[in-house]
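Residue numbers (this note's numbering), protein chains in the order written: chain A, 1 to 253; chain B, 1001 to 1468; chain C, 2001 to 2186.
Hints were generated in silico from the structure; no laboratory data involved. Hints should not be assumed to be uniformly reliable.
Dumping the calculated EDC-like pairs for lysine to aspartate or glutamate here, alpha-carbon to alpha-carbon at most 20 Å [unchecked claim]:
no., chain 1, residue 1, chain 2, residue 2
1, B, K1234, A, D73
2, C, K2184, C, D2102
3, B, K1236, A, E36
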Amino acid sequence: MRRRPGISGLQRQQAQREAFSDLGSVAASARQLAMEEQLQSFQSQLAQFALKHRADINSQPAFRASFHKMCRDIGVDPLASNKGFWSEALGLGEFYFDLGVQVAEACMASRLETGGLIPLDVLVRRVNKRRGTAVSGEVSIDDVKQAIGSLGKLGSTFKLEMVSGKYLVRSVPGELSPDAAAAIDVAAQDPDGAISEDSLAQRFGGGVGGLVRAREALESFMRDGMAWVDGQREPGKYWYYLPASSEKWSEVL
Amino acid sequence: MFLYKLTLTPSGRPLLFPGEVEVVLMEATDLEFPSGAGGDAANPREKLTAGVLTLTTARILWTSTSAGAYFVPLPAMRHHEELSRGMFRTKSPRVRFEVFVTPDVHPAVQPTSATGHVVAAFRGRAGCDPLVASLPGILAQRAWTRLPPTVWLTSPPPTSSTTNGTNAVTTTTNNSSNHNSSTAQQPQPPSEETATFFRASDAGVAGILRRQERDSAAADRDLSEAFADLNALKEKASAMVSLASKLKAAVARSEGGADDKRATEDVHGWLLSLGIDSPVTKESAGALYHQQLSRQLADFLLVPPTGDKSSHGAPLTAAGGMLSLVDAWCIYNRARGTALVSPEDVRKACELWPKLGIPIVLRTFSSGSLAVVSGDFDDDVVDAKLLVLMASDDVESARSTRPLEEAIRLARHAGGLRSVGVTEAARVLGTSLELAREHLLCAESRGWLCRDDGGSGLRFSYNFFRDL
Amino acid sequence: MAAFLYPPFYAYPPYFTLQPVEETRAKQVQAWKALIFDFCVHHNIHTVSADDHADGTVDVLPDPSSPLFVNAAIHRALKREAKVVFLDALVAEGHGEWLEADKHRCRVFFKTLAEYVSDVRRWVDENALHGSVYTLYEMAEATEIPDEWKRLDRDVLHRIFVACQSSGVSSVFGGENGEDVGVKFL
């Protein structure tokens, strides 16, 4: 905070009253002084809160989630800046931005296997593996979601997508077309997360039309590196394994 | 010059004062004592090696696994200078600190007539730049004057033997009345010594915090009080938000005058502190913090790290002039190590570059992904490389820069339908797979390349159709 | 000897089909190349066959219960085309050599030939063995010969010394008509 030259007690009270009533008619310097004093008072209260509960925020995922909900309710983003009061008092930056870097790195590490589309659960598992047994311990799904929301500010590359009630994390630019989402859904019924052209064609109504749509959808996945082929599951036919459709392969991918 | 012992937490981390913030962390740093011996008064040495030097808002800390942990209070700092490297470029960058000292050669927190020296030798990747860049600002802020007054407590150093208890009491009261003045007017105790170290009960507060964290992690913690406190906080925070929003609106209406510039900066700073969005507009440059970050980030991206023989140069240059914003954010935070910056901070910092005349641009691709691009980046150069790659699989040849017309001729002449995928393009362009893909798509939209649907992934070949 | 620990990808069926997409294949090749190498080092195997065999088996190995290219548990096996691609990658790195131009068997080197040659040169210098002569048979018993070399396949050892010949570290002779191969260290 910048220090202002001294101002008498009476003037200060006056300024404060007016600051709350009609800002437009108050001189700028008085307005600023009032604001700074209010901010300092808020900062103290936050510091008190932090002294008592910083440990809880860092170690209790449920409380952390409530905290974030509170911030959303009042319209602030505690992760907007590490210069924010929230971040400074509660040490959120170290936790979330570090996590953000870990999330980005985990996604990058699995890019060649998954094409950049991975189930959220699998990502959380991979991130926790990377974190090992750090003091801050394991992170929850909510934590990773927060981190991804934060990463989303770096362009439209990172985002959460939902397909049939399950979250997927996308770490490459692009969008899931409705047909692609349908393919992921069908593949998710298979224990290995795999799908054949025929089974997908059925979903699209069968016939030539269905087959063409299925082929296009699967070729699109292949082009994006989001599908692996298996020629030995059924003679004469290819099956397509979609990493986005199954959590079974979190060790592999 | 002798240093004060730094108290560590049970897990070996420095015990910070309440409100003290770590700013810069420099690994692989040695401390050298030009006078011949220094460091621990009980065990003086010529140098302390292989430690981590941390700049905080109140002190310079030095920690190591085997040589102990020490600190120098920033108010004792008289002067610092980067030493010239001399003839032999292999020498690590060094910074010499001149420090006010007490008669027994410990740092003094008010100006004295005697000074001592300590030299920090930076053997890490980043050289001394992060420290040298941050130190002036930290010294100017004088954040230590806002610490609880009892932080600097006078008490005899461990090696000397004088009266202590009473000194502590007198100096405490004196300190508290003076702590807000601009020059630290800490009166000398009756005895000569003016050593300072962190008081045990302050250690207790931070110690309590850490114990709390451990207990919290333990099972079944009753959080009802925490939730009650959270609700109380919510009320106050809500009031702050509405006040700040009114200010934001007032500022938006009145933006323009030169007078208002600082006022606007202030408002943006407050909004930043509260976590309310305050977008950079044509007129304003946003919060001072973002302006500073903008410059720091540009320096990080464009200036090669000193003292690192194996470096390939500055991060942006090493990446061929283009880095995805996500990658830039990741490597910047990894380099900072501590006091990490948020994605929004970095985004805003990037958006300020044109305003600050910095030659880096934030570019949006049609896919929506963002990249930081150096000002002299030339798309034609990229297109030319890709076109040469269409002509032959000679990666080395494709890497060299040549005029676009020549590249077109080569591609056309090659006649074949050589198709190129993302992996190969990335290798030739020296960039990440994601950016290579963006470049291929850009070249496609500019009409040089067309897609090749061979079923073996995303591939492109020279677009002969444009010649028809 | 401890059981060989297969990497996680070995249980993922698509890894047994050669991937058509370039980026995906790159990952597949890298994974298999490493597996082949580690497997050979663990079992001290020096030759790997790329062929699918007439009797239906696809591996010819000392221990059929520890296969390389077949995972019976998931009913998958690599076909020849894939094996050639992966072994080619090993060769490109200097850790393999095809024994035939049409690629049926691949010799696997635990170190590259260049590394072996430099090892030999260093050993000759350190032990002042310039001018000494050994037959490969003698080497198996001589105490001054490093254990690492003794564990190598005879053919591989021969191959290494031939490579050493090109670098002037040794000269190789004999080996015809049932004669043992001799090596003179220069």
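Status of the hints after comparison with the structure:
1. B:K1234 x A:D73: Cα-Cα ~9 Å, so holds.
2. C:K2184 x C:D2102: violated, 33 Å
3. B:K1236 x A:E36: holds, 15 Å
The earlier numbered hint that this structure contradicts is number 2, and it is the only one.
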